[in-house]
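Protein sequence lines, in the order shown, are assigned to chains A and B.
The letter at position 243 of the first sequence is residue 243 when you use this note's numbering, and the numbering goes up by one with no holes.
The letter at position 254 of the second sequence is residue 254 when you use this note's numbering, and the numbering goes up by one with no holes.
A hint or two may mislead.
One copy or two, either will do: identical chains are not told apart, so a pair holds if it fits within one copy or between any two.
[Said to hold, decoys possible] Derived pair list, reagent style DSBU-like, types lysine-lysine, alpha-carbon separation capped at 35 angstroms: (1) 273 / 237; (2) 133 / 43; (3) 85 / 237; (4) 176 / 537; (5) 422 / 583; (6) 583 / 621; (7) 531 / 583; (8) 101 / 452; (9) 452 / 621; (10) 28 / 257; (11) 343 / 459; (12) 618 / 37; (13) 343 / 621; (14) 531 / 101.
Since the hints were derived computationally from the structure, they do not count as laboratory data.
Number of protein chains: 2
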Amino acid sequence: VVESWSFLDTVESNFRPLVVIELAKGTKEETIEWFTKRIVDKKANGGAQLLIKPLVMENGAENIYLVGASHLRLLLGAETVGLVKECSDNSMRTFTYSSRKTFKDFADDNHNFLTMAECQYIIKHELENLRAKTEKMIPGYPQAKLYPGKSIVRRLLTSGILVQIFPLHDREELKKLRHSWYGRVKVGYQPLDDIRCYFGETIALYFGFLEYFTFALIPMAVIGIPYYVFAWEDYDKYVMFATFNLLWSTVILEVWKRICAILTYCWGTLLMKRQFEEPRPGFHGVLGVNPVTGREEPVYSSLKRQLRIYLVSLPFVCLCLYFSLYVMMIYFDLEQWALDYHKENESNFSSLMLYVPSIIYAVVIEIMNRIYRYAAEFLTSWENHRLESSYQNHLILKVLVFNFLNCFASLFYIAFVLFDMKLLRQSLATLLITSQILNQFAESLLPYWLQKRYNRRMKKRMCSQKTDTDMSIAEQVNMEKEMGTYLGTFDDYLELFLQFGYVSLFSCVYPLAAVFAVLNNITEIYSDALKMCRVYKRPFAEPTANIGVWQLAFETMSVISVVTNCILIGMSPQVDALFPDSKMDLVLTVALVEHLILAIKFIMAFVIPDKPRDIQMKLAKLEFESLEALKQQVRAFQMQLHFLLIHH
Amino acid sequence: VVESWSFLDTVESNFRPLVVIELAKGTKEETIEWFTKRIVDKKANGGAQLLIKPLVMENGAENIYLVGASHLRLLLGAETVGLVKECSDNSMRTFTYSSRKTFKDFADDNHNFLTMAECQYIIKHELENLRAKTEKMIPGYPQAKLYPGKSIVRRLLTSGILVQIFPLHDREELKKLRHSWYGRVKVGYQPLDDIRCYFGETIALYFGFLEYFTFALIPMAVIGIPYYVFAWEDYDKYVMFATFNLLWSTVILEVWKRICAILTYCWGTLLMKRQFEEPRPGFHGVLGVNPVTGREEPVYSSLKRQLRIYLVSLPFVCLCLYFSLYVMMIYFDLEQWALDYHKENESNFSSLMLYVPSIIYAVVIEIMNRIYRYAAEFLTSWENHRLESSYQNHLILKVLVFNFLNCFASLFYIAFVLFDMKLLRQSLATLLITSQILNQFAESLLPYWLQKRYNRRMKKRMCSQKTDTDMSIAEQVNMEKEMGTYLGTFDDYLELFLQFGYVSLFSCVYPLAAVFAVLNNITEIYSDALKMCRVYKRPFAEPTANIGVWQLAFETMSVISVVTNCILIGMSPQVDALFPDSKMDLVLTVALVEHLILAIKFIMAFVIPDKPRDIQMKLAKLEFESLEALKQQVRAFQMQLHFLLIHH
């Protein structure tokens with residue numbers, strides 16, 4: 001059954017193309033031969049034992065290859081990557097080939113036991129783990145050095161020989177998913193399990209969080225509406241609203257952890273063991289011995305990296321922050337000018353003009369955020385972090401600090417330096433709404449429109465009148481390889497994070513923010529879904545057990561918002577009027593309330609368990625079983641040993 | 001080699017008694033026979049395969065048994081409990097019998113490879129894991145029910161047949177340890193590794209923490225002395241001292257985590273896998289099926305437990321808190337009375353009388369703390385927690401809340417209601433010093449004196465003039481079994497926790513507190529050492545990787561102390577004088593500084609890594625190795641499988 005295929009073996013009927021490899025034009029023949037040989041070679045010979053077949057295009061060869069694998073190979077790969085699947089008794093277990101019969105829906109002829117996303121993830125993992133043996137360089141490219149244990153695919157990528165690797169869409173499945181996701185007008189949940197099967201856990205978890213967050217904002221929005229409709233300005237109502245908001249935000253973040261645990265338990269990623277982290281592709285250094293693995297590989301001195309971080313990156317970030325504040329001051333000059341103009345002219349036009357500075361500023365903020373994003377990526381990559389996780393942490397920290405200041409500095413300034421609540425409300429509304437519109441446009445609608453135009457041109461060029469579903473593989477690959485690459489959930493979470501800031505930081509001044517956030521998120525679900533299904537190449541699935549550092553970011557934001565809201569309430573004239581004699585009593589009361597709310601928040605976060613009881617029980621059961629199994633092994637071994645010792 | 005001994009086998013020359021079992025007087029013969037049979041029985045028959053020998057006393061049999069084990073049995077037991085030992089290449093690895101040759105100092109004839117404390121821990125573990133097979137009850141005691149899988153020793157303990165199990169002292173080793181620990185006057189560190197070898201990791205870690213904490217307090221004490229000597233009262237000096245204190249307390253708690261990681265890495269407990277937790281001995285319920293293990297065992301409804309906690313324990317704790325506050329008010333009445341008396345009489349005696357209420361109150365606080373401790377233990381045990389960890393958490397929470405309020409409520413009242421800094425200083429000093437003296441006396445000196453008197457009487461009764469070291473085993477057992485039982489490190493940590501509160505909560509008012517704390521801790525090390533070596537039975541070693549919930553408790557205290565110190569500084573007349581016009585600016589400035597310090601604290605706690613870099617590297621190396629080993633296994637298995645599939 002497990003015969004290795006040659007890459008010329010293109011006539012095999014049940015070859016299912018899963019992943020596309022695009023090599024650079026003019027790649028040398030010997031390189032292609034060596035690379036494909038390594039891919040199809042037996043595991044025992046250090047190959048990946050996958051199937052590969054060149055794509056024959058009408059307009060001549062373009063160095064595009066389709067990669068697949070036999071059913072058995074995929075099952076063995078599932079064991080290697082440590083997939084967790086559901087058993088017949090409804091418990092989740094790490095899949096092993098020897099225990100395959102105990103898994104739900106497993107049958108030797110059921111090729112749907114692994115989802116397509118899982119198959120593609122396995123193939124990606126196997127390709128990335130294709131390592132150099134004795135090769136000193138990539139054949140045909142003496143400048144592309146290799147050393148034993150170096151990932152071949154990563155070296156090919158960094159030296160530009162390999163243009164891209166991406167998984168193929170399944171047009172049938174995608175059509176079904178599109179229909180159930182956003183194809184029909186309906187009230188209901190997203191098909192998260194289908195999304196997970198098609199796009200993997202990281203993306204499904206983002207959509208799960210987006211949906212959850214939208215639902216969680218609804219109570220805030222509902223309570224916020226009457227404040228706007230009846231123009232309530234009583235201090236007690238505001239205090240109630242703000243207190244509710246502050247405690248509510250803690251509750252929703254804690255409850256999310258529980259929901260996340262339920263989702264990822266069912267998806268198997270909660271139980272999945274972490275793989276050992278390899279150096280990221282861009283990492284470079286001089287050849288040395290890695291103290292952890294004992295392997296010879298590039299090492300880069302930690303001191304040099306620290307110097308780059310503290311002597312270059314940190315000053316640069318500070319400079320950017322200063323620049324952002326400088327732009328903010330220009331905005332306030334503009335604001336002043338618009339106000340003066342309105343006072344002089346007092347026309348409809350001039351009152352419209354009042355909003356113009358805020359709108360311009362919102363656009364400038366968005367542009368600055370995007371430019372800074374590139375700079376931060378460049379700098380962090382220049383810092384030469386060895387691990388992807390360390391790179392991500394430094395990037396996220398840089399981006400979060402700047403975006404936080406860039407978006408909220410003007411609001412803080414208006415609130416706590418100018419003490420102008422009317423301007424704060426107006427500015428908050430303009431910034432929030434403008435940034436939402438810009439984001440929706442820049443993220444989804446614009447790429448969608450460009451993609452559509454490009455597709456139309458492509459089709460015209462190919463002179464084919466076929467519908468999407470009966471395109472040939474060649475046409476499909478040709479179309480998909482030109483699509484943009486989805487760069488991960490970072491930007492999507494960042495957008496939600498800033499939105500959470502707009503909603504919670506000044507919630508007691510502008511209760512309507514939650515309403516806008518809810519409306520935005522509902523359209524966001526649809527536009528993000530559109531973006532995933534129509535605009536970008538299919539991304540590789542990434543198993544993940546939680547939303548990672550974003551949980552911490554949202555929690556920090558909710559702590560900061562306690563402070564801002566307490567100060568805002570303390571500054572309101574209604575509360576002021578309650579303490580006519582002593583401003584000091586006012587401040588003391590506000591400080592006391594703030595500390596109380598913070599204490600309640602921390603106690604609540606501590607008391608609410610991170611995992612629901614039944615998930616805890618299931619995890620305990622699994623742990624018990626694995627310990628029992630270990631004990632059995634030790635006992636069996638000991639008995640064997642005793643037997644040997646006694647009888648010999 | 002591995003021949004099971006009968007319990008009558010008392011003449012074997014190299015039997016080393018490790019653990020003592022004392023059965024109740026008049027225990028039925030059939031019970032003794034059954035129990036000893038189970039202890040010596042082969043593992044394969046469900047026994048513990050240990051050695052046991054009755055202790056023959058001069059004054060007739062007293063149902064005391066000595067338990068030991070062969071060297072091989074202990075090595076196999078070390079594998080079962082998952083001991084981590086140092087290898088020849090200086091890395092730490094989980095001990096397995098098959099890889100025994102790779103471990104440092106291992107030799108088949110080296111019986112000191114396992115420390116005596118480790119041997120005793122293994123024997124305790126094996127005894128506790130002696131489980132009922134088909135027995136429905138303890139033979140001879142029909143009311144002592146058993147069910148398959150129930151720990152026999154726990155049932156024997158709860159039904160009173162087994163009086164106690166304790167490990168024997170090693171008088172030679174103990175003498176050496178005493179000498180190097182507190183036997184000679186010297187300046188230097190404690191012999192932590194020796195303490196760990198003799199008493200186990202939990203106790204060694206406590207002494208490590210005590211020593212570390214004492215050293216960490218020295219900078220505070222040194223800076224505090226000139227404030228007292230020169231009677232500095234400038235606000236800037238106080239602000240500096242308080243700020244230093246607040247940041248310093250964060251640093252020392254973070255650095256402790258690193259030192260703790262270094263210690264426990266060297267001791268092997270950092271890497272030790274957690275064992276599956278069995279129900280605690282006192283747990284009872286109706287027979288049902290445990291959803292986690294699937295075994296039939298007593299279960300107790302979680303709802304009932306919640307009801308007991310919220311309807312009985314919580315109101316009781318609140319009542320105790322109320323009572324504590326009531327006693328506090330009486331103390332203030334006394335204080336007022338003493339003040340009036342002093343004003344009337346103005347004598348030396350009357351000025352001494354001023355301290356009397358504080359001293360009485362300090363004594364009352366200590367008494368209340370101790371009574372409450374018993375009540376809390378009773379209540380928590382009545383709540384019927386299934387796991388020891390859950391029991392401990394509920395007990396610690398109850399005790400911490402009450403002790404915190406009981407000790408500090410009066411100080412908070414004086415500081416923030418009476419605004420009397422002079423009284424605060426006086427009260428703080430009296431409470432701190434009195435409680436330290438009381439604790440040293442009640443914990444160590446009194447028991448030591450009682451023990452000594454008892455020992456003298458015992459020796460007289462036995463009419464023997466021998467010194468400690470050449471006592472017979474029988475005499476030694478007879479003496480040790482009457483010694484008190486050390487109840488764990490809870491009280492010791494609690495004392496340090498309260499001391500930390502006295503030092504940090506009001507540090508800017510009474511900088512001398514740190515000096516007293518340092519002096520107390522130096523004597524505390526000696527008196528605690530005395531207590532461990534002389535007063536109590538040797539405790540069983542408990543492997544542990546950190547100080548657990550106390551880390552959180554200390555961190556919480558350091559956050560609370562930021563708030564109190566900022567308020568105290570804000571209230572001082574010197575700072576007051578800086579803001580002559582507006583009290584509001586003063587309060588705002590104080591609040592701002594407080595938030596800044598809190599933010600710095602959290603950032604510092606986040607930035608300082610919990611484990612030093614080299615420990616991180618070593619852990620990563622181990623993880624890498626185990627993943628590699630797993631991969632090798634999977635690969636070998638896959639190749640085998642491929643081979644089979646191809647050739648058959």
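In ascending order, which of the hints set out earlier in this document are inconsistent with the structure? 1, 3, 6, 7, 8, 9, 10, 11, 12, 13, 14
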